[in-house]
Amino acid sequence: MKCKRCRAKAEIKLRHHNAAFCRPCFVFFVQRQVERTIAQDKMFGKDDRVLIAVSGGKDSLALWEILAGLGYATTGLHLALGIGEYSSESTRKTQAFASARGLELVTVDLAELAEPVPTLARFTNRPPCAACGLAKRHFMDKIADERGFSVLATGHNLDDEAARLMGNVMHWQMDYLAKQRPVLESTHERFARKVRPLYRLTEYEMAAYAFFRGIDYILDECPNSVGATQLIYKDALNRMEAEMPGAKMSFVRDFLRNAQPLLAAADTRPPSSCERCGMPSFGALCAFCNLRREVEAKQAKRSLVPSPTRVLT
Amino acid sequence: MKVRLLPERRELVLDGRLRVADLLRRLDMLPGTVMVIRGDVLLTEDEIVEGDDFVEIRRVISGGSARDR
Chain F
3 MKCKRCRAKA EIKLRHHNAA FCRPCFVFFV QRQVERTIAQ DKMFGKDDRV
53 LIAVSGGKDS LALWEILAGL GYATTGLHLA LGIGEYSSES TRKTQAFASA
103 RGLELVTVDL AELAEPVPTL ARFTNRPPCA ACGLAKRHFM DKIADERGFS
153 VLATGHNLDD EAARLMGNVM HWQMDYLAKQ RPVLESTHER FARKVRPLYR
203 LTEYEMAAYA FFRGIDYILD ECPNSVGATQ LIYKDALNRM EAEMPGAKMS
253 FVRDFLRNAQ PLLAAADTRP PSSCERCGMP SFGALCAFCN LRREVEAKQA
303 KRSLVPSPTR VLT
Chain U
2 MKVRLLPERR ELVLDGRLRV ADLLRRLDML PGTVMVIRGD VLLTEDEIVE
52 GDDFVEIRRV ISGGSARDR
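Line by line, the protein sequences give chains F and U.
Quick note on the numbering used here: the first sequence kicks off at 3 and runs consecutively.
Quick note on the numbering used here: the second sequence kicks off at 2 and runs consecutively.
Hints are computed from structural coordinates only; laboratory data are not their basis.
Every residue, glycine too, gets a C-beta built ideally from N, C-alpha and C.
Just to be clear, a hint being listed does not mean it is correct.
[Stated by the list, open to error] Pairs of lysine-lysine, DSBU-like flavour, derived with a Cα cap of 30 Å:
no., chain 1, residue 1, chain 2, residue 2
1, U, LYS3, F, LYS4
2, F, LYS4, F, LYS15
3, F, LYS48, F, LYS181
4, F, LYS144, F, LYS44
5, U, LYS3, F, LYS300
6, F, LYS48, F, LYS144
7, F, LYS181, F, LYS144
8, F, LYS11, F, LYS181
9, U, LYS3, F, LYS44
[As the list claims (entries may be wrong)] What follows is a list of derived Cβ distance ranges for each label pair:
no., chain 1, residue 1, chain 2, residue 2, range
10, F, ARG7, U, ASP16, 32 to 42 Å
11, U, LEU31, F, GLY73, 30 to 40 Å
12, F, ARG17, U, ILE49, 17 to 27 Å
13, F, GLY86, U, LEU31, 49 to 59 Å
14, U, ARG39, F, CYS8, 15 to 25 Å
15, F, ARG149, U, ILE49, 44 to 54 Å
16, U, ARG20, F, SER275, 57 to 67 Å
17, F, GLU277, U, VAL42, 17 to 27 Å
18, F, THR189, U, GLY40, 47 to 57 Å
Let the sequences and hints guide you as you build the complete structure.
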């Protein structure tokens, strides 16, 4: 198999592009794809300060490497989630990546800001992924705002977007569909613009890019994600992709072209401010403060229940 | 050949001479969901693996995050 660009021996085949590339040409292809996406979707420019959410996984670290290489003003934000050895290893990988490349990294321990993910999930009877997602989004928004970043970038890839779209369509989540696009302009003074520069690149492409560039990312999956619904959607989509190369790309691209603008136009309600933390909110409290209130109520209730020792005395 | 599966950290020993595409079929894995690596080289589906080869199959699918806002 030969490289489409230079005719050298290919190391990767992309069925959905009907193309194969050698290592240097593939690295060039990915970097150009990201550069083009940022320009075509008007995500940000060289004057913007971009905060990149980095988990220690392949996508976010690769995104950071690409954006820094393209000359954008980037800072990494890593939230240590408190999920045992998995979180410790993610933090180690992220810090090693930043320090080896001289990149600025902000590491924040969730336990110092609120409660670690396992506590949030246990006290609210929510799936850990739901509590984790809420906490991450809240603190990413908050830290971007407090530190004056105009753009918040995440490493969601095409597979993430396709799985999310499938989940939203399966349940006809109109409010989520109205906000599913690769650029979310700020709708509140405390919101940065949110962008997903990898949304046209597949998970396989990002893993190959990280491998080719020698990026040491965390291979293990979060122990809480076993059986997560998103993985079921990804599996279904990958089965379709195997039979119909390009299926994931056209699913997301055609949604963004044909349906998303109609849904977005109908979604004009701007957020107000959370009474408790001041962050954007569609109710009196933002979703994260609601979650924390639940935790506090459960903790208070628990402290009122007499312990067996107290009953005996 | 020896096959190491990641992130499971499991090892398999397989006989014969196989194209990568057939190796994946045999392990019931979909193309595009794993990287097949020999040494420090990523293998395309038409490559042959055999004999003393030590091959790493690294899963690329991650997930588990909640639905976004």
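Going down the list of hints, with the structure as the test:
no.: 1; hint: LYS3(U) with LYS4(F); result: 27 Å, holds
no.: 2; hint: LYS4(F) with LYS15(F); result: 9 Å, holds
no.: 3; hint: LYS48(F) with LYS181(F); result: 26 Å, holds
no.: 4; hint: LYS144(F) with LYS44(F); result: 23 Å, holds
no.: 5; hint: LYS3(U) with LYS300(F); result: 52 Å, violated
no.: 6; hint: LYS48(F) with LYS144(F); result: 23 Å, holds
no.: 7; hint: LYS181(F) with LYS144(F); result: 19 Å, holds
no.: 8; hint: LYS11(F) with LYS181(F); result: 42 Å, violated
no.: 9; hint: LYS3(U) with LYS44(F); result: 47 Å, violated
no.: 10; hint: ARG7(F) with ASP16(U): 32 to 42 Å; result: 37 Å, holds
no.: 11; hint: LEU31(U) with GLY73(F): 30 to 40 Å; result: 37 Å, holds
no.: 12; hint: ARG17(F) with ILE49(U): 17 to 27 Å; result: 20 Å, holds
no.: 13; hint: GLY86(F) with LEU31(U): 49 to 59 Å; result: 30 Å, violated
no.: 14; hint: ARG39(U) with CYS8(F): 15 to 25 Å; result: 22 Å, holds
no.: 15; hint: ARG149(F) with ILE49(U): 44 to 54 Å; result: 52 Å, holds
no.: 16; hint: ARG20(U) with SER275(F): 57 to 67 Å; result: 59 Å, holds
no.: 17; hint: GLU277(F) with VAL42(U): 17 to 27 Å; result: 57 Å, violated
no.: 18; hint: THR189(F) with GLY40(U): 47 to 57 Å; result: 50 Å, holds
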